[in-house]
Amino acid sequence: MPIILRFYSVIALILATLLSSFSFAQAPDVSPTQNYVLELQKKAYALDLEHNRQWLVLGHWRSHFGGWLSEVDGTDFFLSSNGRKNPSEELDATLAAFAAAEPSDDHQDTQCRFLARRHWLYQALQIDVKRMPLHACANAMAWKQKLGADRVTLIFASAYLNNPASMFGHTFLKFHTRGNPDDKDLLNYGVSFAAHTGDDSGVPFALIGLLGGYKGYFSLLPYHQTLKEYANLEGRDVFEYQMDFTQDEVDILIDHLLELEQTYFYYFFFDKNCSYQLLALLEAARPSLHLTDRFFYFVIPADTVRVLTQENGLVKKISYRPSLTTQLQDKASELSSHERKLTRGLVTDKADAYNLGLHDLAILPEDRQARVLEAALIFSEEKLQANPPDFKERDHALKIKRATLGSVKMNETPAISHTNRQPELGHDPSLTGLSYGSKEAHSFEEFQLRAAYHSLLSKESGFLPGTQLEAMRAQARYYNDPSKWALEQFTIADIKSLMPIDEFRQPYSWRVDLGFKHLDDQAWDSATAFNINGGMGYSVEPFNTHRLLLFSFLGAHFDSAPDLEHGYRFALSGEASALLRASENWSGLLTAGYRRNFLGEVSDIPIFSLNQTYALSRNWEARLSFQDVRQKIESKGGLFVHFLF
Amino acid sequence: MKLKVILAAALMVAGAQAAHADDAGCGLGSLIITDNTKLMQVLAATTNGIGGQTFAISTGTSNCKAQNFVMNDKAIQYFTEVNHNDLSREMAQGQGEKLNTLAALYGCQGSAQKDFAKMTQGSYSQIVPSADTQATDLVRNLNGQFSSHPDLAKACGAAI
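Sequence lines, in order, name chains A and B.
So in my numbering, spot 169 of the first sequence is number 169, and the numbers just go up one at a time.
So in my numbering, spot 159 of the second sequence is number 159, and the numbers just go up one at a time.
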């Protein structure tokens, strides 16, 4: 197909040239430049350049029902009207456009608009610059000179505290700029791919975003400004992955970025998102990388980081920047319980208590005073962001107080390592597994398949501790005697957030899940019910250790099933749980609760359950569970593996 | 000799002040939070966690930027406006990455950055006299401090 098209386009070009020469009846022949373009087009065809990986990544073409389709949605990105679907015609059109005379304004110059294409085509076709001159592109060159990039770093901004839904994180690029004052990292520039959402917010925002209704653009911001947004305002830890790119590769990446700068992609939150487009950029710089191919349906930023780190030698260096929230946690962990209370009081107490606090502070040794004040200033910064009028005077007073202490010699405690938070350490997002068990003495085999992402008891490395986000989880059971297939569960979403309260924050813990499942208190062969549950409560880590997390919820439950007397029931519940992280690989969860249905049916359901998960490797885990719900006893054990879908 | 130093320092300070004479600032204001309610934050982050921006950055940075780059003579102003609170905190503490970066923007290198931090801690109440000190005031006060610290002005100016 492309061969024929290619043939036609050559014929068409010859015809067009002939026609134009007829109509003007001036030159008997095509111009030397046009001749050269024809020659280059033939050469490109002979070399099969239109299917060269470099050309395909520069045009973002993907195979599409036997043909090609580019993921770039802006039509101005293509020089041929058919270019989005036809890499070959686009290549011809590009060569023809590059041969055009140099316009006075290089913003109008196709060569300058497509620097990465130019760079590659001139090399691949060994284009003679005497016959097809290179244009100066003063503006673009000045811009590149100004950026002066010699290194590229992929930045991962991790999850939001107390919001498992954001545990996917966000990625962007940082360019190391030659010639920054004293080579300060904060003065580098970051490039982010983001949706231009205008003033939309709330539900329309979410829907339009999911359906790809926003246009995504690349944008350039000083790195300190981007960090401010993520690490300070949103409380996200930031991880940096320096790419092992040559100067040539960095240049191509920037050239390609400039090509994309003026166009757009439709932004899809799930797949054609920031992380996907950054991977495509990295591929343009080094076509031998196959990064985007590894994703089909969801592109989760943390997964893209994992894919990068799995490429041999691609990541040269990993560094970490703690968020403001993490800095406060780290500083607070060095304080005694008395000092932590003092710290909180200095920021939030009213005048009288505050003055008492100052008195308590003054009797501490100077280095302890400094520590308390520095922790207080971070806490105050967080308060200030939420509510400036109420906290700015106090914040100012505390800063004066700290400055007055002057330089204080503090015993440097070693920086707390948070390397286990690095996203690439986490397990893959999808899960499948086989279990064997029995319910009410009926044995069964159970097959589970889950699209995403992390369950509470799975290994925590690389994930936000105390969170669960499971989406699209199906469990099918085969009962052996009597033999029967049953859909045990189909869960649409099952989210938990267990953020312990401490001196500085008292977040709610919460959980919500909805889907279809067997009701635990009903007979083993009862019908599947639609059900939706929610709960709210608090969590604590009582002995100041991460090993034990206690939490309790008040919950509401709605079930709808044909087996129920009125077809539905509604309950309120209370429950208490203990999550024991016995080791890095072994977690156990003990829950006791009581649920009372009072609409649809009136019944009391005592609940007891014990779940354990043991991680055998990054992706493999064994699970063992027991539950007793109104004397309906179920126990099962199984083997599970995470994978990239 | 002494005269020379004073003259050099005076020139340096004048230079520094000329470079940062435009105290009108960048009009950057602060980073504003568009979605204030808890629900909106959750909702925004649910869809946004995979990219995009929950927080909008107020427009008006154009005074200090050209072709998306921060203009050289506005670098101090711009940096200070974005990192106003962090900078004042690090000044009070007498150390920090942002403070060192600001020092570097003033031309201080190596041990001069430590001296810069020491100076901003020591003169904190002159640089940030009140809770309402704006970023533009902070820069103006900081520039003023160089005239009372000629050695530092010299050390940093020499590196420019």
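Treat the hints as calculated values from the structure; they're not laboratory data.
Check each hint, because a few of them may be wrong.
If you want the ones that stay clear, here's a sample from chain A, every Cβ over 10 Å from chain B, calculated [said to hold, decoys possible]:
hint	residue
1	A93
2	Y354
3	K399
4	R402
5	K484
6	P500
7	V540
8	A561
9	T591
Cross-link-like lysine-lysine pairs, in silico, DSBU-like; alpha carbons within 35 Å at most [said to hold, decoys possible]:
hint	chain 1	residue 1	chain 2	residue 2
10	B	K65	A	K316
11	A	K85	B	K114
12	A	K484	A	K496
13	A	K409	B	K154
14	A	K392	B	K114
15	A	K409	A	K392
16	A	K636	A	K496
17	A	K350	B	K118
18	B	K65	A	K484
19	A	K392	A	K350
20	B	K118	A	K383
21	A	K341	B	K114
22	A	K43	B	K118
23	A	K401	A	K517
24	B	K65	A	K146
25	A	K130	A	K144
26	A	K317	A	K146
27	B	K154	A	K316
28	A	K401	B	K114
29	A	K517	A	K317
30	A	K316	A	K146
31	B	K65	B	K154
32	A	K316	A	K350
33	A	K517	B	K65
34	A	K517	A	K484
35	A	K496	A	K383
36	B	K118	A	K317
37	B	K154	A	K144
38	A	K496	A	K401
39	A	K146	B	K118
40	A	K392	B	K65
It should be emphasised that the depicted structure is a prediction, and the values quoted were computed from it without experimental measurement.
Glycine included, C-beta positions come from ideal geometry on N, C-alpha and C.
Evaluation of the provided hints:
Chain B leaves A93/A outside its interface by the beta-carbon criterion, the shortest separation being 28 Å against a cut-off of 10 Å. No Cβ of chain B approaches the Cβ of Y354/A within 10 Å, the least distance being about 15 Å, so the stated non-interface status holds. K399/A, annotated as away from the interface, has a beta carbon of chain B within 10 Å; the closest lies near 4 Å. The claim that R402/A lies off the interface is violated: its Cβ sits roughly 4 Å from the closest Cβ of chain B, which falls inside the 10 Å cut-off.
Taking the minimum C-beta to C-beta distance to chain B, about 38 Å, the non-interface status of K484/A holds against the 10 Å cut. Residue placement check: P500/A keeps its beta carbon more than 10 Å from all beta carbons of chain B (closest about 19 Å). The Cβ of V540/A lies farther than 10 Å from every Cβ of chain B, with a closest approach of about 21 Å, so its non-interface assignment holds. With a closest Cβ-Cβ approach of about 29 Å to chain B, A561/A is found to remain outside the 10 Å limit, as its non-interface label requires.
At roughly 25 Å, the least C-beta separation between T591/A and chain B is larger than 10 Å, which holds for a residue marked as non-interface. Taken as a hint, the K65/B and K316/A pair is honoured in the structure, with Cα atoms around 32 Å apart against an allowance of 35 Å. Only pairs whose Cα atoms come within 35 Å are accepted, and K85/A paired with K114/B is rejected, the gap being roughly 59 Å. A distance of roughly 32 Å separates the Cα atoms of K484/A and K496/A; the hinted pair therefore holds under the 35 Å criterion.
Restraint check for K409/A and K154/B: the C-alpha separation of about 28 Å stays at or below 35 Å, so the hint holds. Between K392/A and K114/B the alpha-carbon distance is near 27 Å, which keeps this suggested pair within the 35 Å criterion. Distance hint between K409/A and K392/A is fulfilled; the C-alpha atoms sit about 28 Å from each other, no more than 35 Å. Pair hint K636/A plus K496/A holds up; C-alpha atoms about 22 Å apart against a cutoff of 35 Å.
About 32 Å separates the Cα atoms of K350/A and K118/B, which keeps this hinted pair within 35 Å; it holds. At most 35 Å may separate the alpha-carbon atoms for a hinted pair to count; K65/B and K484/A exceed this at roughly 69 Å. At roughly 14 Å between alpha-carbon atoms, K392/A and K350/A fall within 35 Å of each other, so this suggested pair holds. Between K118/B and K383/A the alpha-carbon distance is near 27 Å, which keeps this suggested pair within the 35 Å criterion.
Under the criterion of a C-alpha separation no larger than 35 Å, the hint pairing K341/A with K114/B is consistent with the structure, at around 32 Å. For the hint linking K43/A to K118/B, the alpha-carbon distance of about 66 Å lies beyond 35 Å, and the restraint is violated. At roughly 59 Å between alpha-carbon atoms, K401/A and K517/A are farther apart than 35 Å, so this suggested pair is violated. About 13 Å separates the Cα atoms of K65/B and K146/A, which keeps this hinted pair within 35 Å; it holds.
Pair hint K130/A plus K144/A holds up; C-alpha atoms about 25 Å apart against a cutoff of 35 Å. Among the hinted pairs, K317/A with K146/A is consistent with the structure: their alpha-carbon atoms are about 25 Å apart, no more than 35 Å. About 39 Å separates the Cα atoms of K154/B and K316/A, which puts this hinted pair outside 35 Å; it is violated. At roughly 20 Å between alpha-carbon atoms, K401/A and K114/B fall within 35 Å of each other, so this suggested pair holds.
Distance hint between K517/A and K317/A is unfulfilled; the C-alpha atoms sit about 46 Å from each other, more than 35 Å. Our distance criterion of 35 Å between C-alpha atoms is met by K316/A and K146/A, whose separation comes to about 25 Å. Pair hint K65/B plus K154/B holds up; C-alpha atoms about 29 Å apart against a cutoff of 35 Å. Distance hint between K316/A and K350/A is unfulfilled; the C-alpha atoms sit about 50 Å from each other, more than 35 Å.
Note on K517/A and K65/B: the hinted pairing is violated, with a Cα-Cα distance of about 57 Å set against a maximum of 35 Å. Note on K517/A and K484/A: the hinted pairing holds, with a Cα-Cα distance of about 16 Å set against a maximum of 35 Å. Taking the CA atoms of K496/A and K383/A, the gap is near 26 Å; set against the 35 Å cutoff, the hint holds. Annotation: proposed proximity of K118/B to K317/A holds, straight-line Cα distance about 32 Å (limit 35 Å).
Distance check on the hinted pair: K154/B and K144/A sit about 33 Å apart at the alpha-carbon level, within 35 Å; holds. At most 35 Å may separate the alpha-carbon atoms for a hinted pair to count; K496/A and K401/A exceed this at roughly 41 Å. As the CA atoms of K146/A and K118/B are separated by approximately 33 Å, the hinted pair is consistent with the 35 Å bound. Taken as a hint, the K392/A and K65/B pair is honoured in the structure, with Cα atoms around 29 Å apart against an allowance of 35 Å.
The structure fails hints 3, 4, 11, 18, 22, 23, 27, 29, 32, 33 and 38 (numbered hints given earlier, in ascending order).
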